[in-house]
Amino acid sequence: MKDIYAWAAIGLIVLTSTTGDVLLSYSMKRVGDVGELWKRRGVLAVVGRVLRTPTFALGLMAMGIAFYSLLFGLSWGNLSLIVPASASLSFAANAVAARIFLHERVGRRRWIAALLVAGGVVLMAV
Amino acid sequence: MTFRKYLVLAGITVFATAGDSLLARGMKDLGNVNVSLHNLSALLLAILNPWVTAGILLLLAFFACYMSALSWADLTYVLPATSLYYVLVALIARFGFHEEISPTRWLGIALIAAGVGFVAAGPSVTPSRRHLDSHEPCRDAVSQEVKS
Chain A
1 MKDIYAWAAI GLIVLTSTTG DVLLSYSMKR VGDVGELWKR RGVLAVVGRV LRTPTFALGL
61 MAMGIAFYSL LFGLSWGNLS LIVPASASLS FAANAVAARI FLHERVGRRR WIAALLVAGG
121 VVLMAV
Chain B
127 MTFRKYLVLA GITVFATAGD SLLARGMKDL GNVNVSLHNL SALLLAILNP WVTAGILLLL
187 AFFACYMSAL SWADLTYVLP ATSLYYVLVA LIARFGFHEE ISPTRWLGIA LIAAGVGFVA
247 AGPSVTPSRR HLDSHEPCRD AVSQEVKS
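If you read the protein sequences in the order shown, they are chains A and B.
Be aware that the first sequence starts at 1, since it is given in the numbering used here, and climbs by one per residue.
Be aware that the second sequence starts at 127, since it is given in the numbering used here, and climbs by one per residue.
By construction, these hints were calculated from the structure, which means they are not laboratory data.
None of the values given here were measured: they were computed from a predicted structure.
This list has only true hints and no planted wrong ones.
If the Cβ cut is set under 10 Å, some of the chain B residues that face chain A in the computed set are:
(1) 193
(2) 206
(3) 234
(4) 241
Pulled from the structure, derived: some chain B residues nowhere near chain A, Cβ distances all over 10 Å:
(5) 149
(6) 174
(7) 178
(8) 183
The following label-pair restraints were derived from C-beta to C-beta distances:
(9) 39/A to 226/B: 46 to 52 Å
(10) 167/B to 105/A: 44 to 50 Å
(11) 101/A to 154/B: 37 to 43 Å
(12) 72/A to 128/B: 39 to 45 Å
(13) 39/A to 186/B: 20 to 26 Å
(14) 232/B to 109/A: 20 to 26 Å
(15) 155/B to 67/A: 20 to 26 Å
(16) 251/B to 45/A: 18 to 24 Å
(17) 132/B to 44/A: 24 to 30 Å
Where is the CB? At the ideal position from N, CA and C, for every residue including glycine.
For reference, chain B alone in the conformation it holds in the complex (with noise of 0.2 Å):
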């Protein structure tokens, strides 16, 4: 793991929450659009709204990212390293639209941490058992490249 790598995944969650919270700012000035397909056309002009473009662009950032650290990292790897995502949003509800966040809301944040801290410390990708087994160099594109 280099600390690019660590970058990518500060990525992963910092662009996906910013992207929510922004996406949660815009719908309120929609007010309550019940999800069905009647409210279809107003579904689709939220869109228009500047806090939801702005949040679909940071959620396009997110997925870049996400994309990335899956080239080169496990998937076991990479979902609870980037569960702190889950924390932060508590973070903002807390602080930036101000609700309440109960004692065991905050157990769960703790869980969650700790979550994150055990896989972290870890290794982040794993030889898959097919390649040990029959010493298989590894077949994707990139890496047959830089051994030519």
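So here's chain A without its partners, still in its complex pose (with noise of 0.2 Å):
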């Protein structure tokens, strides 16, 4: 019975954490290059550019929720199993959503990355 809410809680982890991400990266691609504005508007511009973004503070209020399912996740279940379970499976969701949404050309040098990394992720907790 407590598997059952330790893979809830992973699932909500990976499921929040990837529209974190994905929001995230969105609204930085709307802004643009950072380093080019700061050089020519200076930090301020950047910061007020960031914040006026919208989609920028749903995509922080994803990556809070995540953090808080991390948080009850671990008072449930191990720690050898969330937090590798979330963190590989994310890598994957990642390069689903990044290819659906914002549609990144995920070739086959990127899915083997992503597909190496999840699989050390793994290996790390065993």
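Both chains are sitting in their own frames, so use the hints and assemble them into the complex.
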């Protein structure tokens, strides 16, 4: 029974952290290269423009929910299950979500990299 | 990719590792805290610990670098390229906190390092399919300014 809670927490963490990463990446692409903007307008313009992007706040909120799901998940399941399972599934979910929602071209090179890293994260927890 | 951009990617891994290590060091002072609503005050007071405060400041630096990287590189590039974080954390656990690292863990470290090398050797940003299809120029605020 406890396992179901742990996997529910893992599912929630993967869902919210992927949503957060995609929203934050989308927002920063809308803002554009912040290094360039910093050189032209100064650091305040960078902060102002990032904060005025509505999807940025949504992304932060999703990251916050992911963080608290992790805390509650850790109280239901083992550290050695929750952290590696959610981290490696997030790598795969991010590759799929970036392809669908951000229209990134996830070629063979990036798929292999994402799967190598996801596999490595699992092994590190064994 | 310029040298400055590689520095930002390195900043993501280093700040995240150092921030997490300082947090771990600070939380050891507090002893075992069961994460639940009853211990909320203990968790809130944890930020007064100097190690924890320093850790949070470094994690803020990590977040700034992460946002900067996402402004000029693909998400599917930034995430694998900065996963050396897992390797650095393991090394700090081994040599800083004297935790044991099993052979399977070393194998995991090797896989992650291989993944990082794989993605870092490729392009950091790919033209989106939508832009390619319609030959539409980049619509982000900064590139429009640069043009005008």
